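Generate coordinates for the entire structure from the input sequences, incorporating the hints supplied.
These are the residues of each chain, in order.
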Amino acid sequence: MNPSQGPIVEISHVDKSYRRGNLVVPVLHDITFDIADGEFLALMGPSGSGKTTLLNLIAGIDRADRGVIRVGDVDITTLSETDLARWRANNVGFIFQFYNLIPVLTALENVELPLHLTALSRKQRREHAETALRMVNLDHRMDHSPREMSGGEQQRVAIARAIVTDPAILVADEPTGDLDRVSAEEILTMMESLNDQMGKTIIMVTHDPRAAERAKRLRHLDKGFLNHDASEDPL
Amino acid sequence: MAVPLSYSMRNLWKRRLTTVLTVSGMALVVFVFAAVLMMAEGLQKTLVDTGSYDNVVVVRKGSSSEVMSGIARLQASIVEMLPQMAIGPGGRRLVAKEVVILIALQKRGERKSSSHSNVVVRGVQESSLLLRPQVKLVSGRLFRPGSSEVIVGNSIAKGFKGVDLQGTLNWGMRRWTVVGVFDAGNTGFSSEIWGDADQVMQAFRRPVYSSILFRLRDPDAFEAAKKAVETDPRLTLEAKRETRYYLDQSEVMAKFLRILGMSLTVIFSIGAVIGAMITMYSAVANRIGEIGTMRALGFRRLSILAAFLAESLLLGFIGGIAGLFFASFMQLITVSTVNFQTFSELAFRFTLSGPIALQAMAFSLVMGLVGGLLPALRAARMKIVEALRAA
Amino acid sequence: MMLLKILFRNAFRNRLRSGLTIMGITVAILAFGLLRTVIDAWYAGVESASVSRLVTRNAISIIFQLPLAYREKIRQIEGVKHVSYGNWFGGVYIEEKNFFPNFCVEPKTYMTIYPEFVIAPGEMKAFLADRKGCVAGRKLAARFGWRIGDTITLKGTIYPGNWEFVLRGIYRGRDQTIDESQFFFHWDYLNETLKQASPQRADHVGFYIISVTRPDLSPEVALAIDSTFKNSLAETLTETEKAFNLGFIAMSGAIVTAIQMVSFVVILIIMAVVANTMAMTTRERIGDYAIMKTMGFGGGAIAMIIFGESLVIALTGSLAGMALTYPAAAAFGHSLSNYFPIFLVSRETLWLDLLAALLIAFCAAIIPTRHAIRVGIADGLRRIG
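Chains as they are written, first to last, in the working numbering: chain A, 1 to 235; chain B, 236 to 626; chain C, 627 to 1011.
Because the hints were derived from the structure by calculation, they are not lab data.
As the structure is a prediction and not an experimental result, all values here were calculated from the model.
Quick reminder that beta carbons are idealized off the backbone N, C-alpha and C, glycines included.
Treat each hint with caution, since some may be false.
[Said to hold, decoys possible] Here's a subset of chain A near chain B, in silico, CB distances under 8 Å, partners left out:
hint, residue
1, N56
2, D62
3, R86
4, F94
5, P114
6, L120
7, S121
This is the structure we're talking about:
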């Protein structure tokens, strides 16, 4: 990892609140920080701290009320709905807590799904998807449906889906939250290797300390405020 | 960048019971829709085929059917001299003066005397058969002119009592013997009984003819012939092409069938559309997580809308095919009823035509569209974060 | 009663789905009710017909006539109380689509035989005194805005020419089932005109109406009349008015049968829809039922809840449909009043509506109930969340 490659994500004075009926609930307060290209960051905090919300903002699936978020060279806060969708397709890979695979599609088709948003031909899509599945050691199960797989296997398929478009960033929301210890280990190792060997930038939200351990950098959120980054303090 | 069609198709397969039930509802509606249109089409086709484009029918002005019409012998002989008339074999003019009356016959299979129907007895002349090439004798022989013999159309022979070969009928104080059965295809003549015109007129004390039928020398001479008939001060008659004449006779009934059918279908379709809506709302509700995931991956709202619309359109499509499939079996059924306009018996079949099939499919697809639109909009309008949270 | 509470709340848990299902049932019951009412209307003539009235007509077919001379012979037959006669006129009022039944009759005897047509004595007297007078039913007069004293012209189709009449009376039906859209005038007026224009058509009637002294004598009298005229030039066919009207309906029997079948198709359609809803709903609640089973509720209780929910939905929709049937029938009947003079929703139709609702509820709930009872507790619990 080379932090001196410069930030890939720049977050600047971001606020976010939710409206619940007549109540306005503030979730994030004046968040400002950078994420370097090739970083493996864990966002931690108690429930209600806003960590998932921050992740959602970075991934472009929610909008900030105020502030600027730049990913790569693009200020995603200015993009229209349609442009944001296209941006996500090309730049973000998702890993969810409950895998979120489409039940009626096979493993291969699930991995192939994001490629439908590109200009690749059918043959090319298949090839890319198979390659991705091979990387997570599941190419022998490519025609199975998610129902026929264990949680760990499903999450691996999800990872293959997340990397098949070669996105700029990977966002993971509690990726080990629903897995037993062995499977969790497996997934975390895979994510580590994606980061080490392929230089993928990973932003992970977790409250599992074992998962946090594997990340290279930790930031804490509390009641919507980003805590001071201890790793940047002089030792 | 659309969501693959296989997604929609497979989801229908996944919830098979629901899909089958929803499709069944739509298929039933399409069935009723198609059946009614087929009935009206069969009725009109039978009547239109009954006539020839080159023939002209002359009846009394203002009479809605031959039964009401009366043409005096003098008037008839004037019409016979029309120059636009064709000359047939043997140098004779191709014209027939016919008399039409209705008699009450008992239908086969009914015991009560009240289950009768009015059947047309047509007194014809030799030229009548020449003018109507679609009429062919299938058993027995032609009646002898001047005798009390008749031939019957095969629909009558099939559907009514006592009118097969060698059967006898009693009217006008005379006994009439059935000596032949004829087939007029799918035309109105198959529901008629034919005898010698003079004999029929005598027996029923009808001194006037009902109609005059003749062939045009040249099909375009119709206008001239019509003018000659209708402007002659000695005649109180009107002339129509035979095809038009019979088409007009089916108007009231065809209209009634179509209106009744349409209103029924509209009401039923509301039920089927509601069924489709329920199914699609449920589908959307069950797949909220998937919707959020696909949006997160980058699929646009429009693609999500299209995916769910595709699903309900597929429901409509399958329902349409199924409905048409079963409706096509109705073509085996012959309807025997009274034509409201002429008050006489008419037998016809359900007829499936290309346009009807297309209309039925279009209707079915529209049902699918209307039923699926609101749920699909709901799916498309979801906020990504809420959808993911609710998964 | 806890079960009832659960049942009711569940029925409306998913308001959109329940709402749509109820709407679907309402529409179906409405359609069913209307169709049945259409069939009833078709048979209305039969319902209001009497068995102590006979109709005599030419045995060959309805288009042939009978001599006026038959009247005396018929009157002399034992069991005959009154004899009237008339001809179907078939005139057109302005244009063909304004169709209404019009015929000429022997007025005094006709009104005696038909006490169901109620007319003010003063109007009756005026009608009898004016040979060119005519009487119209209340609904008919209202339809065209006719008033006593108006001149009404009909264009003859069977008897050509323009015929003028003066409206002398308006009758109303004794009860709701009587047709108030008929029009009649003096037979003598027709006959006198025919004597001058085409004398060979004069002194002939289209039908005789005969009332008998006792209803059980009807068959005998009918036979007696027909044997009197057997082997004459114009043989007769006499039947009760009810049978006569049935004969007409039988002619379009195929269509009536088709409509009857279609009304059952509606029920099938809606059964499919409700079954679908119940299946979906039950599938989603498998978890709930599993929890209840752990608490000790048996299969019977679960069945009751599911059936009960199905019933609540079906009954709500059915009651709404039944309520809407009345105004819908009124509107329908109004626009089709020339085809169907009587358009009433019968009590039988309402009972059938309820029966349909019960049937729908039952059938829709069978498979889901079986499924819910069979699924093991552990399996059910696993499906929660």
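Next item on the list: Find the hints from earlier in the document that the structure breaks and name them by number, from lowest to highest.
Entry: 6 and 7
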